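S.K.: Residues per chain, in single letters:
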Amino acid sequence: MGKFILKRLLQMIPVAMLVAFFSFAIIEIAPGDVLMHYIRPNMTNEEIEELREELGLNDGIVEKFVGWGKNVLQGNLGYSLINHRSVAAQIQERIPATVGLMGASLVLSIVVSIPLGLLSGVYKNRWVDQLISAISYVGISVPSFWLGIVLIIVFSLKLGLLPSMGMRTVGVDSAWDVIVHGILPAIVLSAGNTAVFTRYIRASTISELEEEYVDTAKSKGASSRRILCGHVIKNCLLPIITLVGMNLSHLVVGSFIVESVFSWPGMGTLGMSAINARDYPVIMGFTMMSCIILMLGNFIADILYGFCDPRIQQGGDRQ
Amino acid sequence: MDTLLRVNNLSVFYDTYAGTVQAVRGVSFSVGKGEVVAIVGESGCGKTVTAKTVMGLLRCPPARIAPESQVLFGEKNIYQFTQEEWQRYRGGDCAMIFQDALAALNPTLTVGRQVEEALLLHTSLSDEERKREVVRLLESVGIPQPQARMKQYPHEFSGGQRQRIMIAMALACRPKLLIADEPTTSLDVTVQAQILDLIQRRRQEGETAVLLITHDLGIVANIADRLVVMYGGKVMETGSCMDIFYRPKHPYTWALLRAVPRIDRKSQEKLTSIPGAPPDLIHPPQGCAFHPRCPYCMEVCRHRQPDAVQVDEGHSYSCWLSHPLAPKIDPPVMEKEAVTYGD
Chain E
19 MGKFILKRLL
29 QMIPVAMLVA
39 FFSFAIIEIA
49 PGDVLMHYIR
59 PNMTNEEIEE
69 LREELGLNDG
79 IVEKFVGWGK
89 NVLQGNLGYS
99 LINHRSVAAQ
109 IQERIPATVG
119 LMGASLVLSI
129 VVSIPLGLLS
139 GVYKNRWVDQ
149 LISAISYVGI
159 SVPSFWLGIV
169 LIIVFSLKLG
179 LLPSMGMRTV
189 GVDSAWDVIV
199 HGILPAIVLS
209 AGNTAVFTRY
219 IRASTISELE
229 EEYVDTAKSK
239 GASSRRILCG
249 HVIKNCLLPI
259 ITLVGMNLSH
269 LVVGSFIVES
279 VFSWPGMGTL
289 GMSAINARDY
299 PVIMGFTMMS
309 CIILMLGNFI
319 ADILYGFCDP
329 RIQQGGDRQ
Chain X
145 MDTLLRVNNL
155 SVFYDTYAGT
165 VQAVRGVSFS
175 VGKGEVVAIV
185 GESGCGKTVT
195 AKTVMGLLRC
205 PPARIAPESQ
215 VLFGEKNIYQ
225 FTQEEWQRYR
235 GGDCAMIFQD
245 ALAALNPTLT
255 VGRQVEEALL
265 LHTSLSDEER
275 KREVVRLLES
285 VGIPQPQARM
295 KQYPHEFSGG
305 QRQRIMIAMA
315 LACRPKLLIA
325 DEPTTSLDVT
335 VQAQILDLIQ
345 RRRQEGETAV
355 LLITHDLGIV
365 ANIADRLVVM
375 YGGKVMETGS
385 CMDIFYRPKH
395 PYTWALLRAV
405 PRIDRKSQEK
415 LTSIPGAPPD
425 LIHPPQGCAF
435 HPRCPYCMEV
445 CRHRQPDAVQ
455 VDEGHSYSCW
465 LSHPLAPKID
475 PPVMEKEAVT
485 YGD
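Chains as they are written, first to last, in the working numbering: chain E, 19 to 337; chain X, 145 to 487.
Same shape as in the complex, but just chain E:
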């Protein structure tokens, strides 16, 4: 197991390097640069050229990438070209909001989708299943910005129950306040994943119920409830671990949109403004951060799977 963990950790290094390089290249290829934010109407062409040189924008992509990479390896993520603050500090102050939102929505997805998926699978093609399936199709198809706006209209504007934006009420500093602000963003961010997980658990429940070990359990005299709770559940929930690992990217991407809709002060909003400004040190900073979150998520999923499924644990030991 130790060897397996080490191998997986080492594999992350080349992945991170490739992600860094391609992100850098994409920023370079995208039209426009950060200079737009510096130009004043009365500037001459020479002055603009001088500024460009000063900001290091005239260097080639390789030169820029190597320079950035060297700094990163020394633990310095660079400084924003717009507000000149350290990228690391900005990410640091934003990351709890994003990770908190992602975590809450992930937990919400799992907690909601497991019972729905099981119910749907056990009562395959009955009305309960059809209702749940219909809802999950809607959940998969609805774009999150639209759902966000609809929820804001209903719960904030019409009913006035929940705040529509931000993370805190001005002047209030309590965990409860943050939770209340987080309800709508977490629901919107979790909707897609909940629907996908529900469909997946439904499918795996149906296929597990057709396995022969179910017949064995039945032939031992186990009741259907006992078969479901004692035999089937564990086997149909195992793939969820992998699924969560794979769907973390949806969370990262989704949090960009959801944070913009709800003005949630996380990495998503930081990222959006950095992209609009072509502020490449910041873009690179949060890209790498997202990449690391994703890789760690998948890594944890793999390890967890090994712990939960006895068949895989064995394989790991033998290697």
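What the hints contain is simulated information worked out from the structure, not anything from laboratory work.
Errors might be hidden in some of the hints.
[To be verified] Away from chain E, derived, C-beta distances all over 10 angstroms, residues of chain X:
id: 1; residue: 173
id: 2; residue: 280
id: 3; residue: 329
id: 4; residue: 331
id: 5; residue: 367
id: 6; residue: 385
id: 7; residue: 442
id: 8; residue: 467
[Stated by the list, open to error] Heads up, simulated DSS-like pairs for lysine-lysine below, C-alpha to C-alpha not over 30 angstroms straight-line:
id: 9; chain 1: X; residue 1: 275; chain 2: E; residue 2: 252
id: 10; chain 1: X; residue 1: 295; chain 2: E; residue 2: 252
id: 11; chain 1: E; residue 1: 88; chain 2: E; residue 2: 25
id: 12; chain 1: E; residue 1: 21; chain 2: X; residue 2: 295
id: 13; chain 1: X; residue 1: 177; chain 2: X; residue 2: 220
id: 14; chain 1: X; residue 1: 320; chain 2: X; residue 2: 295
This one's a predicted model, so the numbers in the text were calculated from it and none came from an experiment.
Each residue gets a CB set at the ideal place from its N, CA and C atoms; glycine is no exception.
Fit chain X to the given chain E structure using the hints.
M.R.: Frame of chain E; chain X shown alone:
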């Protein structure tokens, strides 16, 4: 001998998109207390469906059991069981061994827990006693170091060991009837012998009757008391081991026996296969199910289903050749030899 299980006129249908498959068509047989009855026949003749029906494991739908069918266990029709009676019957009175033990064991539960579950459901033993009983059961089926191995998972055992674990599990509560659905098909010959020995031994010790489903006549000859020969969802011939092997009456039984290699036969003699293919049970042949492949087929065979005819006590067969007007056909040469062996 007291009758333990009686199956009367059992018919099972499967509704599929292609049409209704008539998997089992009016099968009747019985199993006495402590008796080993084998159901033999080719793939798709309805053996497994019959076994699953007796265990109440058919999934309905797609399966459908004809309303006139009766499966009597003791005095009671199992299709009138309440939920509780079912749970007591399955695992308590009647247990089952499946063909593929790897698929039949839950991959994510330890072997010990799976064997223990049967005890948990049917006995009032304490945790401590149950653990001890599991160890004893695993030991009795020849699993080495049961104390340690009961904490392992099915994939950590060999194929033969897994099948033995299945047997330990099935026999945990000393059932009156053990249904073994091709218990040795996926195993090699030496392991096969061990498994059969186990079943045989348990039957001699206790009063466990066995309903053995197989297509392997060699196994049957070893352990069965009585045989039910099935074809196309119907019973062709039934009788004691002696009757079927030495005094077979039905052309299908003849053909089946001629397809089995025998050590006392001359090596240059060819095994004969049965020409043709098993019948399509969506459109089963009219008349006798075997008529399209039967070398002795007569006009009447194509139209009318023959009734079962009793030869001796417990030996009967369904064939128009039994009719007084039918031509007298001598059993093929090899069976003639066999007859002299038997007598």
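S.K.: Indicate, hint by hint, whether the structure satisfies it.
M.R.: Right, here's what the structure says about each hint:
Interface exclusion of residue 173 (chain X) from chain E stands, the closest Cβ pair being 20 angstroms apart, more than 10 angstroms. Once the 10 angstroms rule is applied to beta carbons, residue 280 (chain X) is consistent with being away from chain E; the minimum gap is 18 angstroms. Every beta carbon of chain E lies more than 10 angstroms from that of residue 329 (chain X), the smallest distance being close to 14 angstroms; the non-interface claim holds. In this structure residue 331 (chain X) is separated from chain E by more than 10 angstroms, as the shortest Cβ-Cβ distance comes to about 17 angstroms.
With 10 angstroms as the threshold on Cβ separation, the claim that residue 367 (chain X) sits away from chain E holds: the shortest Cβ distance comes to roughly 21 angstroms. At the 10 angstroms boundary, the C-beta of residue 385 (chain X) stays outside the reach of chain E, the nearest C-beta of that chain being 27 angstroms off. Every CB of chain E lies more than 10 angstroms from the CB of residue 442 (chain X), the least distance being 42 angstroms, so the non-interface label holds. For residue 467 (chain X), the shortest C-beta to C-beta distance to chain E comes to about 42 angstroms, beyond the 10 angstroms cut-off, and the non-interface label holds.
At roughly 23 angstroms between alpha-carbon atoms, residue 275 (chain X) and residue 252 (chain E) fall within 30 angstroms of each other, so this suggested pair holds. Between the alpha carbons of residue 295 (chain X) and residue 252 (chain E) the distance comes to roughly 17 angstroms, so the proposed pair stays at or under 30 angstroms and holds. Only pairs whose Cα atoms come within 30 angstroms are accepted, and residue 88 (chain E) paired with residue 25 (chain E) is accepted, the gap being roughly 25 angstroms. For the hint linking residue 21 (chain E) to residue 295 (chain X), the alpha-carbon distance of about 25 angstroms falls within 30 angstroms, and the restraint holds.
The straight-line distance between the Cα atoms of residue 177 (chain X) and residue 220 (chain X) is roughly 15 angstroms, inside the 30 angstroms bound, and the hint therefore holds. For the hint linking residue 320 (chain X) to residue 295 (chain X), the alpha-carbon distance of about 29 angstroms falls within 30 angstroms, and the restraint holds.
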